[in-house]
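4 protein chains.
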Amino acid sequence: MSLPEQPVCLDDVERLAAAVLPAAVRDFIAGGSGNELTLDANRAALDGVHLVPRVLRDVSDCTAETTLLGRPAALPMAVAPMAYHRLVHPDGELATARAARRAGIPVTVGTLSSLPLARIAAEGARTWFQLYWLRDRQKVSDLVKEAEEVGCEAVMLTVDVPWMGNRLRDVRNGFVLPEDVVAANLSGGASATARTARAAGSAVAAHTREALDSALSWRDVEEIRSRTGLPLVLKGILDPRDARRAADCGVDALVVSNHGGRQLDGAVPAIAALPGIRDAVGGHCEVLFDSGVRSGTDVLKALALGASGVLLGRPVLWGLALGGESGATTVLRLLAEELHTALGLAGCGRVTDAQGLRAFGSAAFTALSPQPAVP
Amino acid sequence: MSLPEQPVCLDDVERLAAAVLPAAVRDFIAGGSGNELTLDANRAALDGVHLVPRVLRDVSDCTAETTLLGRPAALPMAVAPMAYHRLVHPDGELATARAARRAGIPVTVGTLSSLPLARIAAEGARTWFQLYWLRDRQKVSDLVKEAEEVGCEAVMLTVDVPWMGNRLRDVRNGFVLPEDVVAANLSGGASATARTARAAGSAVAAHTREALDSALSWRDVEEIRSRTGLPLVLKGILDPRDARRAADCGVDALVVSNHGGRQLDGAVPAIAALPGIRDAVGGHCEVLFDSGVRSGTDVLKALALGASGVLLGRPVLWGLALGGESGATTVLRLLAEELHTALGLAGCGRVTDAQGLRAFGSAAFTALSPQPAVP
Amino acid sequence: MSLPEQPVCLDDVERLAAAVLPAAVRDFIAGGSGNELTLDANRAALDGVHLVPRVLRDVSDCTAETTLLGRPAALPMAVAPMAYHRLVHPDGELATARAARRAGIPVTVGTLSSLPLARIAAEGARTWFQLYWLRDRQKVSDLVKEAEEVGCEAVMLTVDVPWMGNRLRDVRNGFVLPEDVVAANLSGGASATARTARAAGSAVAAHTREALDSALSWRDVEEIRSRTGLPLVLKGILDPRDARRAADCGVDALVVSNHGGRQLDGAVPAIAALPGIRDAVGGHCEVLFDSGVRSGTDVLKALALGASGVLLGRPVLWGLALGGESGATTVLRLLAEELHTALGLAGCGRVTDAQGLRAFGSAAFTALSPQPAVP
Amino acid sequence: MSLPEQPVCLDDVERLAAAVLPAAVRDFIAGGSGNELTLDANRAALDGVHLVPRVLRDVSDCTAETTLLGRPAALPMAVAPMAYHRLVHPDGELATARAARRAGIPVTVGTLSSLPLARIAAEGARTWFQLYWLRDRQKVSDLVKEAEEVGCEAVMLTVDVPWMGNRLRDVRNGFVLPEDVVAANLSGGASATARTARAAGSAVAAHTREALDSALSWRDVEEIRSRTGLPLVLKGILDPRDARRAADCGVDALVVSNHGGRQLDGAVPAIAALPGIRDAVGGHCEVLFDSGVRSGTDVLKALALGASGVLLGRPVLWGLALGGESGATTVLRLLAEELHTALGLAGCGRVTDAQGLRAFGSAAFTALSPQPAVP
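Residue numbers (our numbering), protein chains in the order written: chain A, 1 to 375; chain Z, 1001 to 1375; chain C, 2001 to 2375; chain D, 3001 to 3375.
In isolation and in its complexed conformation, chain A is listed as follows (with noise of 0.2 Å):
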């Protein structure tokens, strides 16, 4: 299948892929929570960063080609976590992981895929597997114990959903799962709970309420530490606090995120806490970064403020959307082009020489409560 029209941009494909989706697919995609104030800030923090590029740095052998936790990746980026690719595309995760591979990054698969963890594995893509906690211990324990022997490179722990933010288009839309859209990894009858129309409220919310351990805390991660030689990552940190602590815990890498604005809405835009969950680590795990991305000049400025890289949401799932394999791998394209063009520009032959540019920003976001050095 091919894409319809020729897009030379994200936002193309996100208007091609509007086209083509059931509205209230669209929406549970594109919508964040409450006001959508945080979705919206995203963005705005986003397109507010400026850059200051280098020159005359012979730019000729540029390459975005760097390491992600440890191993080699063709570009500072790997697919988001993200629940059930099935909804857009009826190859599903193994699209995007086909996609994945053709690009040289990592694909993500969550807990919520709808197709089984070992048969997206074996696309032969990097594969993280991102974990919910649930209710369901023994189902945990069960997960990662497969994504082990499926060859999974990392466990992505999301720390930011005791519960679902409250996300008022899918309420509105009554938005609920179809027939033929399961949660692969668990069992039947959470599923049904996400295919059921509800008086009021979102179908997809009940069943994370429903299936999620809201108690998860510190010693879980110290638990989850100690059960799997895996790295361990943890998504969804904003506090410097919280990032110097996972840090002290082992882990192997941070998510700065705010879930892509669909769960704290007035939660701060992810790259306006960036340098400062930077400078709270430093070095001491890697940082990687999601929310809002849009572009390789977004990803370049992920870089520049302290990430060693993207998580790509939305957007492969509107490429998945307008053609499967083939609609994500124009995604990644396009960003990989964009960045190797954004690179150059910026006077960085490498990855890593991105860490060198200064950036000017926004004064929309500055510190109103006293912010006290992490010790």
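Just so you know, these hints were derived from the structure itself, not from any lab.
Bear in mind that the values here come from a model prediction, so they are computed numbers and not experimental data.
Fair warning: there could be bad hints in the mix.
Said to hold, decoys possible - Computed list of chain C residues with no C-beta within reach of chain Z, every gap over 12 Å:
| no. | residue |
| --- | --- |
| 1 | 2036 |
| 2 | 2229 |
| 3 | 2341 |
Unchecked claim - Ranges between beta-carbon positions, derived for each pair:
| no. | chain 1 | residue 1 | chain 2 | residue 2 | range |
| --- | --- | --- | --- | --- | --- |
| 4 | Z | 1337 | A | 337 | 53 to 59 Å |
| 5 | C | 2063 | Z | 1116 | 37 to 43 Å |
| 6 | A | 337 | D | 3102 | 42 to 48 Å |
Note that beta-carbon positions come from the ideal geometry of N, C-alpha and C, so glycine has one too.
For this one, chain A is given, so just place chains Z, C and D on it according to the hints.
Frame of chain A; chains Z, C and D shown alone:
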């Protein structure tokens, strides 16, 4: 009376209420003074606050229960004092008090309530009495005495109304009280003024100017402090110097408020003033907040910036307008749900945990004039 | 002549005036120079100032009475110097002077008044004389002498017009003075230029360039200082170094002003410059303010940031346009009422109390270049 | 050819030109890279600068005459290097050079000029030669030699184009050079690429990528410095560290520029970078400025923030489009008049006086990342 449609947030309630209220009443509730700069700035400033959520803190027993003025409340909220609830629903303040009782929060009965204080207090909600400093000083004494006798738990003296702000919507509308709405706690004569159309200006403003004493000063606060054993709350404090003096006078609580943008147009957004007040009183008296709260996230922002609770004004009237007690209950339920969701997503199992949250905010409100530390 | 409709604020007056004035006259009054960046910034900066009101200070005898240049005034306001009042009403400056007298405030008569200084001064208002530095130096001497003879209380030398700003509205309109409007204090020849349509550009600008001497310097200030015993005011100061020098020259008062956005497009908003000027002169000369005042709250903002009074320009002409003396009186009455309301709501019983108010403001005007302290 | 209507400012010229140019050419001139964030930020940042004018400094002999690269110029301006002037007018760079000569300012002839350097230089304007670092190193030598021979006064090496920015307007338009427009200084083969429509992307970008050498580095600057006695200018510096290094290499001048928003989208507005560059080089080399100048006031802003002159780009092409030499002359005349007006209104009798002006500015561009002092 059931709601015509299921609102999923307070903005929905506002829209629904606007559709059923007479335009002049809708404007009387919605309007601010002058060019409504402060009215708009209240919302912009609250939207501009961005919180930094914490993670991994076990929020499985998250609760919004707290204390207000030393006694338990189900939520860090109370109904703000507002005049004439019967403007929007025949049950008026009785419906409001019932909704507050059901929600487990205090209701503040205004000097200008449209039903008698005693009847409202009899509904069994925690009741606070809002006092305007009347020229008729005997009436002031009588009202405080009545508040004590009917079981009010506090006297909240409004200190920002030497006279009413210039509310142009009311002036343009020639707003007058309808025949069946009276200031039930005052003499009939005063109400007559509020019901008489005037050559120019608002009848309600004329009534206020006639009835209220602009000579109110710190001496009067001390006098009232000595005259009643009830906790004393001052409503309408924005300058840290006034906050400190209130604490020194033995005032039990302050309400940081610009009267919802209805008094001095051009006054600082209340949320921008809040951190300075918190720092000035340093725990020597309780700090409440109002002016612009429209969601549970707004409540969380106020808590993070130093308030122990917020007063809810216009949204309660919108709910009343839609369905009396049931409509007001819907409003308070939405806020309770939103606040619970937000607390957990911010890693706060208790209301007091919110005080440790960091906040980023718009730099739009930085000091222009020297800000000497409060001595 | 009565007003066609009852305006409740100055914006109303502006709209009503716009409906009755010829478009080219309306534009001549409303317009700024260049892209009108400073014209717009004046308003944005004033709207961006947020005051912190005080409470509990007994404002029952609140009054806006004050002194200006050492003599009593009913309000901290004066009518700004403006050219050619007869452009908007046949009674011209006579009507303005009567309205000022009735309001108890000074009127400034311009060098380019459309009626003779002596006639205007005879109306009995406190009168200040605005002086343009004419190439015809004898005329300068004559005008100062006449000002003294007719009882003017001050000479206000305009220092920001070596030539006129590039007012594109006038250029596009090919604006010329109508036959019956003359520069009554100057010779007929000069006026002829102002009445002649030109191939390109504004006739009024051509006249200004012909008549005014761009060589005006501090030496001339010292000369005029030594030539008259009247208080000397410099109008158009924005840099604290110039303010300090003026104080050192024995100037009695400054007007912090960017000429209402009509001279250097891109000049700093006058209100943003005000605190720096106040600090630089430290009470050694009086500081007045103009440029953008449109409400009593704006007056209060100027007082809080360091002015002892403001000059009112365009709004007075709008009032004149609507109803001569009566229209101008309406404007001054609205301002007086708004200021009284605002003073009380800010806890200020006296104009001087406003100087203790704190202000928050937009960070849009922070120093880009080094700002060494004025020595 | 006369202009169809009398423009009174450069915005008028832009509108008039947009009406006569083919859409794809108009877009090729107007467009920026990516989402045009930097294109827009250039204008927003310039509009956000507010100057503090001085007064009483006798500007009767005010003049904008100055020196650029050590030689007299009638204005602190030069025509920026731009490709293919014949895209907009058949006289191309000859008309531009004549207009520059008439205005008394230098013209920069681009490597990608559409007429030969020698013919343009023969028009008698002060001529600078802009050099792209071509893969064909012999061609580089030949061009520098030719520049010397035809009397160019400087070589301006563009350092911010290792490859072209991703200009989406050109990509969407499938922009190709028309048959009669050639890169007259280069071989025919290179031009062919620029004329061939491609499956995806801009033909001009393809040509640039083919012809330019992205290996350009400081070594090459040193080499070119040693190969020619002409003054050497580096165009496209934004980081103070690069500015200092350029000064250390004996470079004669820098152009602080983000290539008019056409290279790295997300680059800092050039005007925001200017003060840091000025401070870094401390007078050790001349600092020129481009990117977004659209009025005489913009020129004054650049002077105040540290530039000794500005380069004019797009506005010259608009003028050319409207009327060849005559149109370009109109543009330069408008700028000269606006600058003269602005200088006097700011109290600057000379261009160098502008350096003492203070400026206020938007806080939108504050440092996000540590900004160590340049050693």
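Consistency of the hints with the structure:
no. : hint                           : result
1   : 2036                           : holds (20 Å)
2   : 2229                           : holds (36 Å)
3   : 2341                           : violated (5 Å)
4   : 1337/Z with 337/A: 53 to 59 Å  : violated (45 Å)
5   : 2063/C with 1116/Z: 37 to 43 Å : holds (38 Å)
6   : 337/A with 3102/D: 42 to 48 Å  : holds (44 Å)
In summary, the numbered hints that this structure violates are 3 and 4.
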